[in-house]
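Undergrad: The whole structure should be built from the sequences, with the hints applied where relevant.
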Amino acid sequence: MTKCEVVIVGAGPAGIACGYVLAEAGVDVIILERGQYPGAKNMFGGIFFADQMNKLIPEFYTEAPVERFVAKKHYALLINDSEVSLNIDSEEHKKPPYNHSYIVRRSVFDKWFAEKAKAQGATIICGTAVTDFVWRDRRIIGVTADTADDDDNVLLADVVVCAEGANSMLSEKAGLRNRLSMRARCISVKEVIELGKDVIDERFGLTAREGAAYEYFADATPGMLGDGFIYTNMETLSVGVGVVISELYGRRNPPSPNQLLDRFKNHPCIRPLVKGGKTLEYSAHMIPMDGFRNLPRFYTDGLMLVGDAAGFVNNSICHEGVNMAMASGIMAAETILANRQERRYDARALRQYEHRLKNSFVLQNMKNSRDFIDILRTHKELLNNYPHLVQDVITSYFKVSDVPKSTVKRDISRMLRSRVSVVKAARTVMALMRGGI
Amino acid sequence: MATEETNQLSLDDKLFTVRRKTLNQSHITLDERLCSECLNRICTYVCPAEVYVWDEAAKKIDVRYENCLECGACRVACEAIEWANPAWGTGIAYKNS
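In order, the protein sequences belong to chains A and B. Reminder that position 221 of the first sequence reads as 865 in our numbering, one-by-one numbering, no gaps. Reminder that position 46 of the second sequence reads as 42 in our numbering, one-by-one numbering, no gaps.
There may be inaccurate statements among the hints.
[Unchecked claim] Straight-line C-alpha distance at most 30 Å; calculated DSBU-like pairs for lysine-lysine: (1) A/Lys841 x B/Lys91; (2) B/Lys91 x A/Lys919; (3) A/Lys817 x B/Lys56; (4) A/Lys1024 x A/Lys1011; (5) A/Lys1024 x A/Lys716; (6) A/Lys699 x B/Lys56; (7) A/Lys717 x B/Lys56; (8) A/Lys716 x B/Lys91; (9) B/Lys91 x A/Lys755; (10) A/Lys738 x A/Lys755; (11) A/Lys738 x B/Lys56.
[Claimed, not checked] According to the in silico footprint, chain A covers these stretches of chain B (three or more CB under 8 Å from chain A): (12) 49 to 59; (13) 67 to 77; (14) 85 to 93.
Just so you know, these hints were derived from the structure itself, not from any lab. C-beta: ideal position from N, C-alpha, C; glycine also.
TA: This is how it looks when you write it as structure tokens:
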């Protein structure tokens, strides 16, 4: 049986950030990671929002293995076989610090970040899956790893930080949340497709280390609450789709995530971007969709939840995730440091963690878009009918013909009125403004 | 096999791209009594690796745990599935994701 001051479960952005801050302050901290190396089990779409990272390690992007920075953003509605899109190509985003948006590969990046924490003095043990907590008097005093029957596999600590990720079984075991519901998780699959730098630069109009982030909605996941994406790595593309798990349930002929991805890759507007490439890796991961109203409790006696395990993903158009994970990890570390003198880590002492979260962008942004997913879920017309309407309006308005534009406009306005209830649409937009985006 | 032009791989080919170490012991257990009564079988389509396959002859779910990508979607979708992290650092190890 070994003992240390702080045990962190999981070497992702949240866990490593927490370990980094603690080790820097001289705390005896051990990070347990279930993968063979940090990043082995980690996967996300591709964009790393790095303002927190930049605070922790200023100008980290000069030495970190980032692929490209996000110079171009592309938001598109896929509608049947067509696309209506918005391109954002901002000069402002092409200067350091590049709007704090970088495209990274997690298996490489997390490994680098873990080395940084090690250099501060944190210990990282890989290949160790934490199975449960060790309790004494209703207080968490440590963790057990792999096989619990062996005393060697128990690690005791003053306080445990759970950075287990989206598939968090420990937060359930600690009684901080109920078993995850399929409404609270999105399943995302991705292929990393090799095309070479030149082809990617040409297809996406990029130079040097400029990168592109393409997001697709509506028929990217037909009739379902989800989206598709393409992010440019240096030599490869990350191409994927995500869909809320409950959306697959109870459908006639439900598609599997893999079939959704194949369908997306084969869309006439996507195929030219990915064609000819070689798939280097297929991967899958869940994304928290808890939303502000269904977040778990963040702490109990001897334990704090950080990152995806706590559900800190802002499910708005912005997709904030990694920055929130890192911020929560840092705040958990600061809470530990503030209580370190008395070595008191019971629930009352750790309440400070929640205060810190509430006073930061983490919970404030989550609160700001608290209804976004629910509005999309309950107003399916936002995903199904309205995009088609947009497409129909645009195509009829720009149609070249000898019909006078005044007649076209009259027809469009008739079509709109027959297909949309103005009052209902206005209400939906109001609701989105209030608690969505 | 992959067709060069469209870049469409079969699922087996995709799964073959993932590096992994497999223990010959499953990290997934099912409550088979619940499976035999299940009408929806969400496990057969929610899994990105199609680990769960309904065996009509044996009237049970066949679990190909060695294909698992460790996302946990099955566990979230169905309460009859008990899923644990593969022990000792086994399972997948992404290199490019």
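Undergrad: Decide, hint by hint, whether the structure agrees.
TA: Against the structure, the hints come out as follows:
no. : hint                  : result
1   : A/Lys841 x B/Lys91    : 19 Å, holds
2   : B/Lys91 x A/Lys919    : 22 Å, holds
3   : A/Lys817 x B/Lys56    : 29 Å, holds
4   : A/Lys1024 x A/Lys1011 : 22 Å, holds
5   : A/Lys1024 x A/Lys716  : 29 Å, holds
6   : A/Lys699 x B/Lys56    : 53 Å, violated
7   : A/Lys717 x B/Lys56    : 47 Å, violated
8   : A/Lys716 x B/Lys91    : 26 Å, holds
9   : B/Lys91 x A/Lys755    : 11 Å, holds
10  : A/Lys738 x A/Lys755   : 26 Å, holds
11  : A/Lys738 x B/Lys56    : 56 Å, violated
12  : 49 to 59              : violated (count 0)
13  : 67 to 77              : holds (count 7)
14  : 85 to 93              : holds (count 8)
Checked against the numbered hints given earlier, the structure breaks hints 6, 7, 11 and 12 and satisfies all the rest.
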